[in-house]
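Number of protein chains: 2
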Amino acid sequence: MSLSAQILKIAKAAKKVSYQMALVSTSEKNRALLLMANALEAQQSYLIKENAKDLSVASKANYSKALIDRLTLNPKRISAMADGLRETAKLKDPVGQLLETIKRPNGLLIKKIRVPLGVVGIIYESRPNVTADCAALCLKSGNAAILKGGREAIFSNMAIFKVLKSALKKTKIPLDALQLIESTDRAAVHELLKLDTHLDVIVPRGGEDLIRFVAENSSIPVIKHFQGICHVYVHAKADLEMAYEIVMNAKLQKPGVCNAMETLLVDRTVAKKFLPSMIADLQRASCEIRGDAVTRTIVKGLKQATEKDWRTEYLDLILSVRVVENLSQAIEHINTYGSHHSDTIVTKDKSRAQKFLDAIDSACVYVNASTRFTDGFEFGFGAEVGISTDKLHVRGPMALDGLTSYKYEIYGNGQIRQ
Amino acid sequence: MSLSAQILKIAKAAKKVSYQMALVSTSEKNRALLLMANALEAQQSYLIKENAKDLSVASKANYSKALIDRLTLNPKRISAMADGLRETAKLKDPVGQLLETIKRPNGLLIKKIRVPLGVVGIIYESRPNVTADCAALCLKSGNAAILKGGREAIFSNMAIFKVLKSALKKTKIPLDALQLIESTDRAAVHELLKLDTHLDVIVPRGGEDLIRFVAENSSIPVIKHFQGICHVYVHAKADLEMAYEIVMNAKLQKPGVCNAMETLLVDRTVAKKFLPSMIADLQRASCEIRGDAVTRTIVKGLKQATEKDWRTEYLDLILSVRVVENLSQAIEHINTYGSHHSDTIVTKDKSRAQKFLDAIDSACVYVNASTRFTDGFEFGFGAEVGISTDKLHVRGPMALDGLTSYKYEIYGNGQIRQ
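Going down the list, the sequences are from chains X and E.
Just so you know, we're using my numbering here: the first sequence kicks off at 72 and counts up by one.
Just so you know, we're using my numbering here: the second sequence kicks off at 72 and counts up by one.
Hints in this document: simulated from the structure, not taken from any laboratory.
There could be a bad hint or two in this list.
As the list claims (entries may be wrong) - Straight-line distance between alpha carbons at most 25 Å, and here's what the computed DSS-like set of lysine-lysine pairs gives:
| no. | chain 1 | residue 1 | chain 2 | residue 2 |
| --- | --- | --- | --- | --- |
| 1 | E | LYS426 | X | LYS174 |
| 2 | E | LYS161 | X | LYS174 |
| 3 | X | LYS87 | X | LYS233 |
| 4 | E | LYS83 | X | LYS426 |
| 5 | E | LYS163 | X | LYS174 |
| 6 | X | LYS343 | X | LYS308 |
| 7 | X | LYS183 | E | LYS182 |
| 8 | X | LYS163 | E | LYS183 |
| 9 | X | LYS87 | E | LYS426 |
| 10 | E | LYS183 | E | LYS163 |
| 11 | E | LYS174 | X | LYS421 |
| 12 | E | LYS295 | X | LYS83 |
| 13 | X | LYS182 | E | LYS426 |
| 14 | X | LYS426 | E | LYS243 |
| 15 | X | LYS182 | E | LYS421 |
| 16 | E | LYS174 | X | LYS163 |
| 17 | E | LYS419 | X | LYS183 |
| 18 | E | LYS426 | X | LYS163 |
| 19 | E | LYS344 | E | LYS308 |
Unchecked claim - Which stretches of chain E does chain X cover? Using the computed rule of at least three CB atoms under 8 Å from a CB of chain X, they are:
| no. | stretch |
| --- | --- |
| 20 | 171-180 |
| 21 | 261-273 |
| 22 | 281-292 |
| 23 | 430-438 |
| 24 | 447-458 |
| 25 | 476-486 |
Ideal Cβ placement from N, Cα and C applies to all residues, glycine included.
Let's have the full structure, built from the sequences with the hints guiding it.
Here you go:
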């Protein structure tokens, strides 16, 4: 069978059973999730054996240590993956939720009801646990899932998929509701992106290149989980000790994630007082600082931050620093150069704080807190598919609700339109 | 300036002022809408004079009578357009609405707030009133709008746009928040669809070709207002008199619109009783009937409905009719061939009705009512951008709320992540 025929077959099968998936009871979905969790733990040695094949390819290919670490499965990580499924079983089932009731003068009763999206395609890279996480979230939200992992984790993904499917066989959930594309050819993704009558949404999770490729080539609606160029703005009326703690946390606690800070903005009136020790302490923690002209007059010997720095998601121990004239300039900087992900102001002035909240066009806008809280668990939503940087459908943490749509159920007694 | 530079300039200007638009007060937006309404009425003769240029081109090009009618502006229609703006001024401002409040154990207070999408691109055909309607809806929802009408209405659209802008000059609303693309070259649309850093959403309104072109060429998120292949299913336990009225209404009251019925499904047990007089009366109303094999044994002389008919939006006095074995077959037919727009069951059996509501994957699923109610005004939402056949972001009538996103405003007192 040609690649294109294979992908079409997978998509058709998923679409067909998606109508059944929408009707599966909460208890049956939860039972499936628990069986899947148990199966992952029971098949631990098989999973580690298959994972070793990926690791062997990776080490021969001289992949980075960080990438190899992300790829690695061990008993602890397999248990964590299983526990993730058990946690998803505990989450409230979004399907069937009554969102709104409207009574019309003509007697029509309109109920807005939460329903699954249908068929969800998820394209991701490196970490094999995403296969189990996304399968679980799609299942719980009543969707059929088509998963396409990265080439580097193909043996691990196939093994996890096989174990999950073996558990599904013991349930009433249609097996075709969970699909994995085994081809490692990028052409497979290209084929998938054309199937807009079979897939309802595509979620790319990975590097900028992957996301751009998907956004530019898909005729299926896409929810992008793009970069996080997050800012901390230290306002003139900031509690500078609080600002210090927030900056340290937002930059250093986990620099490689999308909600870490990439640019620090400091109000001119506090820059001389705040920056010297702040920068010294960041440098002591191995963080490279790139400053604008004013910053470089306050702290000597810094590399110059260029226009490109303001637009860069380092995901690393690098921070760009700019001294701004006032709140308006901070807002303009963030809206111009940021990625509309997560930004925070540190200030004791409530009205300035509210102006920042209103004017910053980002998914998550904070006052006096670290940007690192942009996360499904931290918001109380549970596991997430990712952090959406889109404005349509779902913005910020994309959890179970983000995998649903709604429909209107309308009850009449013979109404016709005049 | 090249076409591509012109389009980029428009998009950049719209993006730039979109941040201001998000902060404009409700009273200022309403004042602008009323000034725009008055200006349209005051400039009635200018609008009619410009419209005559489009009509002259149309009549030379031998456009259909229906198209020429849709293009025509007259005093009554101009007043209706102005009244539409006045109605939009009366609608509740969606911006700033508090959607959810979350308190976290660490003391973070998370508010989910409705915000504008940013820059909305609307690409539409023929009726010039869409220029005013869409400008008004985007303005009221705090968005910057980029409008691109059809070539056939270019003089009318430019005239309406000019009048609206002249009214905007008397307000605090930034003029660049309303943009019209004057080029009638399809290349202009193509250029626009690439500008995903400047536009937040594209809404195509028009024929299937236009919508496909946009969906396939846009890297900006698209909300499609696609076809309506709507069904009425007359169940075994239907009140047949009610079914008769609903069928007549859904097919005949306005056959050229997306929520009109295109296919009638009738349960085998009532087909012989129901179909002969139903079909005769539809035929008397000049409606052509195309039947499946069983229908054609019950009523002789009908044209045969083919597989293609089940997938066709006639938008005309044509109806395809199929006799189905039972509810399950009706559901399968509708989910397979329909366009997931609006479908209705006529039945006195409440549990069968609920099964239909649950299993049909459409934006609007009705029991005992005409499909013709799928409409923003009929739902109580007010004016609409269209009826979304997408499942992401907005499904069914797309009114003011559909032109908004949300953001999380998070209040802390120094929280950092552990």
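How the hints compare with the structure:
| no. | hint | in the structure |
| --- | --- | --- |
| 1 | E:LYS426 to X:LYS174 | 22 Å, holds |
| 2 | E:LYS161 to X:LYS174 | 20 Å, holds |
| 3 | X:LYS87 to X:LYS233 | 21 Å, holds |
| 4 | E:LYS83 to X:LYS426 | 24 Å, holds |
| 5 | E:LYS163 to X:LYS174 | 18 Å, holds |
| 6 | X:LYS343 to X:LYS308 | 14 Å, holds |
| 7 | X:LYS183 to E:LYS182 | 23 Å, holds |
| 8 | X:LYS163 to E:LYS183 | 20 Å, holds |
| 9 | X:LYS87 to E:LYS426 | 18 Å, holds |
| 10 | E:LYS183 to E:LYS163 | 18 Å, holds |
| 11 | E:LYS174 to X:LYS421 | 19 Å, holds |
| 12 | E:LYS295 to X:LYS83 | 22 Å, holds |
| 13 | X:LYS182 to E:LYS426 | 15 Å, holds |
| 14 | X:LYS426 to E:LYS243 | 19 Å, holds |
| 15 | X:LYS182 to E:LYS421 | 16 Å, holds |
| 16 | E:LYS174 to X:LYS163 | 18 Å, holds |
| 17 | E:LYS419 to X:LYS183 | 22 Å, holds |
| 18 | E:LYS426 to X:LYS163 | 23 Å, holds |
| 19 | E:LYS344 to E:LYS308 | 12 Å, holds |
| 20 | 171-180 | holds (count 3) |
| 21 | 261-273 | holds (count 3) |
| 22 | 281-292 | holds (count 4) |
| 23 | 430-438 | holds (count 8) |
| 24 | 447-458 | holds (count 3) |
| 25 | 476-486 | holds (count 11) |
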